[in-house]
Every structure is written in C-alpha cells, then in structure tokens.
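Here's the letter readout for the chains.
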Amino acid sequence: MPPLPVPAAVPLSYYLILSAVLFALGVAGFLFRRSLITVFMSIELMLNAVNLTFVAFSYQHKQVDGHLFTFFVMVVAAAEAAVGLAIILTVYKNRGTLAVDEIDSLKL
Amino acid sequence: MNPDLTSILGNFYVLTLIKLALVAFVLLTALAYLQWIERKVIAHIQLRVGPTRVGPHGLLQPLADTIKLLTKEDLVPAHVNKFFYVLAPMMAVFFALSAIAVIPFGPKINIFGIETYMQLSDLNIGLLYLLALSGMGVYGIALAGWSSNNKYSLIGGLRSSAQMISYELPLALAIASPLLLAGSLSLREIAESQAGFMLGFIPRWSIFQMPAPQILAFVLFMIAGFAETNRVPFDLPEAENELVAGFHTEYSSMKFASFFMAEYANMVTLCSVATLLFLGGWYPLVPAPVDGFIPPLLLWAGGAMLIFHGLQPARKWDKYTMPAFGAVFLLAGFAFLIPFLQPVLVPLFWFVSKVGILLFLFIWVRATLPRFRYDQLMRFAWAFMFPVSVVHLFATALLVALLK
Amino acid sequence: MDAILFFLFAAIAVVSAINVVVQRHPISSALSLVGVMGSLAVLYLLLGAEFIAAAQMIVYAGAIMVLFVFVIMLLNTGAEQSSRKGKVLTIVAMPLLVIFLGVVSYIIQRGFPDSPLVKFGEFTGGGPKDVGMALFTRYLLPFEVTSVLILIAIIGAVVLARKEME
Amino acid sequence: MHHLWLIPFFPLAGFLVNGLFGKRLSKGAVGMVAIGSVVLSFLWALKALFGLAPLETAHVERYFTWIQSGSLVIPYELAVDRLTAIMLMVVTGIGSLIHIYATGYMHEEEGFYRFFAYLNLFMFFMLTLVLANNYLLLFVGWEGVGLCSYLLIGFYFLKHSASTAGNKAFIVNRIGDAGYSVAIFLIFLTFGTLDFPKVMEAAKALPVEASAGILTAICLLLLVGATGKSAQVPLYVWLPDAMEGPTPVSALIHAATMVTAGVYMVTRSAALFLHAPIAMETVAWIGLATAVMAATIGITQYDIKKVYAYSTVSQLGYMFLALGVGAFSAGIWHVVTHAFFKALLFLGAGSVIHALHHEQDMRHMGGLRKKIPITFAVLTCAWLAISGVPFTSGWYSKEAILGAVHHHSPLMYWIGVGTAAVTAFYVSRSMFMTFWGEYKGHAHPHESPPVMWLPLAALAVLSLAGGALFNVPHILEPMFPQGHGEHDFMLEVIGSGAGLLGIALAYVMYVANPGLPASIASSLGGVYRLVYNKYYVDEAYDAAVVRPIVNGSRTGLWQFADVWLIDGMVNGAGSFARWLGGGLRRLQSGSIRAYAAWVVAGAVIFIIAAGAIAGVQGGLR
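Protein chains in written order, with my numbering: chain A, 1 to 108; chain B, 1 to 404; chain C, 1 to 166; chain D, 1 to 621.
If we strip away everything but chain A, and leave its shape as in the complex, we get:
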C-alpha cells in the first residue's frame, strides 16, 4: 500500500483536545440557545465530551476504571433526562413557552 499522507496513529492528546472542543461547543449551546430543551441537550453534549476524556485516560492507564465512570455518567444522564424532560413538559404545560429568558420568575 502507498504511504498515507496522514500519520498511522494519533496521540492521545488529540482525543483530549477533541473532548475540549466538544465541551466548549456544549457550553456555547448552553449559553446561546433559548429553547430549554436545546439547553438540556447541550448539557448532554458536555457530558459526552467528559466521557471521552474518561475513556481516553482509561486507554492511557490501560485500566477499565474510566469506562466505569463513563457508565455511571450515562446512568446519571438517563435519570437526569427522565426527570429533566418531565420538568420541561410541566414547564411547557404551565407557561406555554420553553424560552429560557422568559422563565425567570426565580429572582428578587
């Protein structure tokens, strides 16, 4: 086979940087989006980014522990999704909107 123009393998730090990029995008989504449900999805995106670092470190240390943390994050995310979506449904039922800047009665 002819040699490829890209290296055969990438260092682990690339995975970490990818994770940072995804995390930053999650933060951006959280900050810039108005729809509560999208904000919630941005949180999931951040969680996914963190999971990637766990798995990457697990690879570096050749231990399975990182996978377990990821597993637990998934479980928590599932629980969070169940409750969070139920809350979103209730909020929408009571207020008729999902725009975060209109749901601001928790002040003063």
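Fair warning: there could be bad hints in the mix.
Part of the chain A face toward chain C, derived, beta carbon under 7 Å [claimed, not checked]:
1. I17
2. G29
3. I43
4. M46
5. V50
6. L52
7. V91
The set of hints was computed from the structure by calculation and includes no laboratory data.
A virtual CB, placed ideally from N, CA and C, is assigned to each residue, including glycine.
Guided by the hints, dock chains B, C and D onto chain A, whose structure is given.
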C-alpha cells in the same frame, strides 16, 4: 488453485467485500420474495390464491413490484420538512440492513483453502450491537412521522417510538437469560454453546438446555419482537382504520418501499437472532449421521411431489413449470451429497429452515390475530411483559448460579 | 488507518456538535447530537472501549435521545426565535470560549507532551466481561447506589408528568 | 456476684414508674411503688450484706466500661466495704421509714406523685454515691442528690421563698462542686486513676506532707466540695433556707443522708487526708467553727425547723471535727446516731407542724404535751439523744468524738464541750417552748395518724438504743484502727455533765422562770441581735459576693457585653449581609443563561490561572 488468487482472496478486505456482496444479494432477494411468500400464505389462509399473473404462480411478482416502485413518481408533499423527510426512510433501511453484519449463518468453513466464518463480522459485543441498531431504528419511524407534518403521521410516529422503547426492555431482558447460559455476547459463541445433544437425542438448544430451559424467554422474545417490528398484532403505528397508513402516509415510490424493506429486514434479523439464541443456530435437530440425509430427502420428496402435480396439471402451464421446479429440487437434493459442499450446505439448511419457520409464524400471526388497542398495548408491555421477563431473568440467574 | 478513522469521526463529531449549537430547530439539534454520539461511539471503539461504545449507542442514542426527540415531537414548539439579549451574550461569551479552548489545548499539549499513540487493539480490557467484573466487585456500591438513583428518577418523572388529580 | 446494681436500681425503677405514670395512678399506688422500691432496696442491701459478711475487704462488682479516653478508663463499678455497708443501712433504712412517714405527711399535698418520684430519684443517686468505686461515679451521685435536693427544696415552687431557697442551695453547692471537680482532675493527674482502692494504695506510698504539697491541695479542694454539700463554714448558708422544702425532705436529705455525703467522702479519702496534716487541721477547725457558730444561732431562732436546721449544721460541724482530729470512725458513728435522732427530730417537728396546720413558730406553740402525747414521747427520746444524756445513742458518738478531740487538742475539747452544752440548751429550749406552758396558738391540734407515728416510734427506739446497738468504731476497726482506745471516765463525766447542764439551764429559763430569756436578751443587746440575725452572714455574702456579681452583670455583661458588643456584632452582621445581599441580588436575574455565563467566566479564569501555573512550572522545568 492458484496461490496468488488464494492470497488475494484471503486478504481481509477482499474477503469481506466478497462476503458482503454475497450476503447483500441473497438478503435483498430474500426480502423481496418474503413479500411474495407473505402474500401467498395470507391468501391461502384466507382461501384465496394470491398473485398469479406475473410469472408462474406469480413468482416474478417481486420483480414487477420493484420495477413499479422504482419508476413511480417520487412525490414530496409541499408541507413536509424536506431534509428529515428524505433522511427518515434512509435511516430506517440503513439500520435495518446493518444488523445483518453480525449474524452468523453457519460454522467455520473451508472453501478453496480459505478458512472463514459464514458471517460478515464477529463482534465480541454482537448482541449489544443489535440492540443498539434496534434502538436507532426508532429514529427512522419517528422522524418519518414528524417530518411529514401530518397529524396521522405524527401520532403514528409517536406511537411507534413509545412502543419500541417500551418493548425494547422485555426484549433485552429476554435476551439476557440465554446469555447467562452461553456466557458470551458474541452471536457465534452463543450458537456454538448450543452444539451437541443431551441424552443422545435432545439437542442442547437454549430452549431445552438444562439447568434453565428458555422456553418462556423464547416466547417473551418473540412477542417483544412482534412489537419491535411493528407487526400484527402490534401494528398500531400503521393502523389503517385509525391513522390512514400511520407514519408512512405521506411517502410514495421507493421511499415507501424502503420502510417495507426495513420492516422485512428487521423481521429476518429478529428471526435469525431468535434462531441463534434459542434454537441452536445452524445445529441440526437430530444427531450426526442422520442430519446430513434429512435435507436431500426433504428436497427429493418436494421434487417428487412437484413432478407428480405436473403430471396432473390443474392449469395450463402447470405441466411445464411443475416438473421443471421438481427437477431443480431433485438436483438441489443431490448437491447435499457432494462431499466438499456438505459442510457448507447442511448447517446453512438447518439455519435457513429454522428462520423460515419463524418467518412463517410471523405471517401466520398476521393472518389470524386482531390488533391491540393502544392502551392495552402499553399496559401489556409494562404490566405483563416487563415483570415477567425480570422474574424469568432472576430465576434463570438463580438456576445457573446454583446448578452450573 | 487509525488516524484516518479518528480524523473522519472527529470531524463528524465536531461538525455535528456545531450543528447542535447553530440549528434553529430542536429536532435538528437532537439529530445532530445523535450524530455526535455515534461518532463518539466509534472513537470509543478505537480506544478499546467496546462495551462503552455499545452502551453509548443503546443508552444515549437509543434511549435518552429518543426520549428527547419524543418530547420535542410531543411539544412541537417549532424553531426558536432569537432575542437581543441572546446576541449580547453571544458577543460577550464567544471570546471567553475561544480563550478557554486555547488555554485548555495549551495545557493539554504541555501536560501530555509524550502521550501514547492510539492504536486499535492495543487495549482490550474494555469488553463486557472486564467492565462487568469491575462493576460487580470494586464498584458494587456505586452501582447499587445508581440503581437507587434511577428508582428515584422514575418516581420523580412519574410524579412530575402525571395528570393532576382533582 | 451479689447484684449490687439492684440496690440503686429499685428506686430508679420507682422513679420511672412514678415519674412517667404517676399522674394516672392513685395516691395509694404511688405510695406503694415509692415505699416498695425503697424497702426492696433495703432488703436487697441486707441480703447482699449478709451474703458478703464478714466483709473484711471490699467487694467490687464491675459491670461495664463507662468512659474510655486515652489513659482515662472509668468503669461502672459498685463496691461494698464496711463503711459503705453502714451508709447503705442508714440510707435505705432511714429512707424507708421516712418514705412511709411521708405518705401520711404529704397525703393532702398537690403533686403527691411528683414528690415521691423525686424522693425515689434521690434514693437512686444517694445509693450510687455510696456504692461508687471511683471519684467520678461518686460525683454523679453527688450531683444527682444535689439536683434532687434542689427539686425538693423548691417543691412548693409557687412559693417565691421556696424557689429562691432552691436556687440558693443549688448555686452555693456549685462552689463546692467546682472545688470537688478540680480535686478530681488533680487526683487523675497525680495518680492516673480515679478508682478508690488504687488512689488510696498510691497515696499510702507517698510520704506525709509536712508542708503544703499536692496532697494538701487535693484534700483542701475535696474539703471545699464537702463544705458545700455538708453545709460547713463558709458554705453552710443554704441549709437553713432549705427548710422551705417539705419536712420529710428536711429529715431525709437535709439531716440524715445527703448532708453527710461530705463526711462520707472525706472518710472515703481518709488515706489522702492522713498524708496531709495541714488539711486535717483545716478540717478540724472548720468543723469546730461551724459547730460553735450554728449552735449559737440555734439559741435565738423561733422557727422550730430553723432551730433543727442550725442544729444539723452544728452536728455536721462535730462530725468534721472528728474527721479533722483523725477519728474517722467516731465521725461515722455520729453520722449514724445523728441520722437517727435528727431524722426523728425533724419528723417529730413535722408531726407538730402537721398537728398545728403548718404553724412553725415556737412562740405560737406550747403545752402540747397533753394534746399530742405520742409525738411528745418520741421527740423526748430524740431530745435526750441529742443532748447527750448518758447511754442514749448521741451520747456514745459524742463522747467518742470528744475523747478523740481531747487527745488531739485540749483547747478544741473545751470548745467542743461548751458547744455540747449549748446544743443541749437550745434543743431543750425548743422542747420546753413547744410542749410546756400554755398553748398560745389558735388551731386545734390533733395527733398524727399511725402511718406517721409508727416510723417515729421505730426511730425513737433507735435514738435511744442505736448507739449501744451499733458500735460503729468496732465495726470499722479493720479500716480505721483505734490507736487510743482507753475510755477516760473523767472526760465522759464532763461531756455528760455539759449536756445535763444545758437542759437544766433551759428548764430554768423557759419553764421555771419564763421572763428570764427576754431580760437576758435585752441586757446582751448587740450581741443578741448579732446572733439573732445569724451573724449577718447572709447579708455579708450579699454585699460581698451577690451584689457585685449582680451589678457587674447588669452594667458590664448586660449593657456593655451583651447589648453593645454582642448585639452590635449580630446586628452589624445582619445589616452587613443585607447591604451585601442588596448589591448581590442584582446578579440574581433569574436568567439561567446569566448564571451559566458566570460559571463559564469563573471556569475560564480558573483554567487560565491553571494554565499560567503550568506554563511557569513548565518554564522552570
């Protein structure tokens, strides 16, 4: 054989591509003919004859249908969300066909000096892969329903996603019990764990295997499987009398066909998984010397019957077509006696016949059972299927832990 | 091969993630997020995390995101409208995020100057068996605690979502 | 095992029953429970003692480790030796009699069940005190009896004087307790243990301290505790006021048992005191001063219970005198006999008061000899005993003390003899004022019911014969050998003569010539007023201690420390928080995105800081 050719064919990528082409061709053809078989079987159950016009006994009907669907005008309604409207059938068919990649059809074989498995890819986590794909399959239907921008479609899509999420739980739990017996997630290893016979004549299939026969799990799996594939009696998402055609109301031509392809591919996958998990995969029903003679005997019997019918033609063409098919059957029967084909064909025969019986069950149920009401469907999932499968899993785990 | 796969799926992940942020319609964001998760699952496979990859697809993409799509479809709120406040926030926060990214990348580069090359198949301790062994021995208590957490979440969701009893 | 724990357990159970359910029980049931628990305790103690006889060495029962902290290990241990045995008999025996008496005396009172619950609780703590095998468990009992004393003095808590008397007793006792607790610390520091046997063993190994040393310090501090509990100079002032409590309480707690706890404790620590002569001398002088002071005050009082209260103080002084001169067994003998006759005096006085419908002033009594003959008869026994008429119980113990004192110091002996005469005089005075002459009151006296006079009769027998029956020094011979056992006949004649002289003088002044006391009082003038007003001790304390504390608290603590400093700080904190919150609440916009933006900003700052540090370290590397 030329050693160069062997080495080229033995290359992982080349070999996989060949297998892929073979499987894809067989599978797609099988899907098309499954439709024909379904129509024929239902027709006969309902005392009709089904398609007869295109080809002898309507045998070319699938081809005609395919041509019709491909050449029909591809209508896209104005009010749909175009991107997702196009994406949805693609997703459905993509995930349905991807599933076949991990299904093994037979044991390790040796053709022309090349050793390979009769399987596209043997994953350690084959079953999890299948579960993941079945979970992803929801998107196709849900998106189709939503992007059509039509209330019937939307309700169909919602119903289907709720139904599939609900029945995925008992499905996964029913899968888990035979896993405890096999101790692996690889479909090939699961099938191999069921080789052999108990007491010399009872096959060690999961549904018979001591210490925990999985008959109940098999029943649960099949019920959940009916719901997962949106088949009668769980075909609420496409209940004609309530929702027109459900999530694919707005689809036509090849996009419409894609959903059907996905449905039949899912059925095939499901029956294959059921076979592999519970019915011993490609392992025969009877012990060693007898198992090789059953397929040719059956084929010869079929061929003889066809020739017999050809001699007493009921219709005009029967006196030509029937003996022709009879001859094919007789020849196929002889193929099983060729030594170097035997190790390939005999397991394949057992696998295909088991899958075929299960597929027939699907069609049979469709022809005979009425449809559930939606609330009954959900209650059935959560109040019956789920607890029963949990209890069954516990019982199996207990038996395995105590007796194995 | 590993590098090609990494760059391919990293690109898909980043593009999908950007899509999550910029798409107006929640369902587009949700589908993009599924894309991110799918490509992450492939990256997990590259890192030898077979079980986590499957779980990522089953739990995240196959269950959680279906739930999101389900809720989005149920509410059918339509595309969101932008607001002036949101624009201000974008202008303020965007440079912050860029700085954040730059610094983090710098730290990662400085902190892992000789990080190992990722080769598929080099680490095989992430199969279902390994994860299961660790889960039911060393991590048994957290595992049981998460089951309690899920129970609580179920009850919470039921209480929140049920119809008001008159 | 003789299950010593049962002895204090029975009263505790009685307390729990009466305290928790007493309100719903009938008075008869409450009385039965109270008496029953104490009698059971008495019987069990008797059984244990018979089982343990002859009890040459201490019998210790260890139940569990109570406190364990570093090298401090304190077990829950109960122990019985001969000293404890005597105290046990006195406490449970007299306790039983007084409980029986109290059911009659308190029959008409409000809070009948409460009274007996407290009384049972007192029994529990007193028995714990007596049975304890270490200083800390003794302290538990010590504090517990103090608490019960407080509760019972203030039993009529609606009466202002009663509740203030309770407070006074409690506060004054605190001073003594402070001394006692410091003593415990010092003991632990010095010996590394608080168990009596180990401490005594270790103390015996130390040399006798000619000048003040650590043992002297410990003993003096123990003495401070004892002066509080046993009402010695200068902390005796609470006991006369404690007479606000019901009379059975005065008899049981403030005459027979609790106040002797100090004597018991000092005796228990005898080994320490014997190695600290300075402390011993101090004990003797304090006892003597108390005896004299209280006896002289007793002459002038008119309230019958006050007279006996000062008498108690005076007699306790006698006991301390005995301890101070090293006659521990004589002191304990006096504890026993005093318990008999003083309990009888109080109960008899209670009977009189009961008969006269709560009249306590002797000037409104008189001529009761015929009206309440049984009470008169039993009180006469007590009178003879306390006056030291030969062969009564008081005579034995008093002669034993005076003999030992004479051996120690003739000066102390003569003061003691004088005090004995004064004692006989004022008791006789109270008897003559009450039972002789004309009845000056308005009520219609009536004899007490048998449930009251039967215990009195029992005590009367003990008062007369108790000294001869229970030869305490002989019983305690193994613990406190009597170095100078010879009876000096001359001393006995002088002692007995002093008592008879006092009685005769009283007869002359209050029966034969009733006008004489007033003229003597007026001729003495200032001195009489001084004594009548109890040497103005309460007033002096008030001016020297109470007032400065009250004023200091008012101005210093209340107006400065509390109002200005603490309130200022609290209010300042409050208004500062309000000011800060007023500013910060602008951040609380309710917008989730704003919050998130703050979090992100914080994270970015943090990351930049981390990056800077990493950069610096990387640069250094």
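Here's how the hints hold up against the structure:
1. I17: holds, 5 Å
2. G29: Where the cut-off is 7 Å and the nearest Cβ of chain C is about 4 Å from G29 of chain A, the hint holds.
3. I43: Given a least distance of 11 Å, the restraint on I43 of chain A is violated.
4. M46: Given a least distance of 10 Å, the restraint on M46 of chain A is violated.
5. V50: violated, 11 Å
6. L52: Holds - the Cβ of L52 of chain A comes within 7 Å of chain C, reaching about 6 Å at its closest.
7. V91: Violated. Min distance 10 Å.
Comparing the model with each numbered hint stated earlier shows that hints 3, 4, 5, 7 do not hold.
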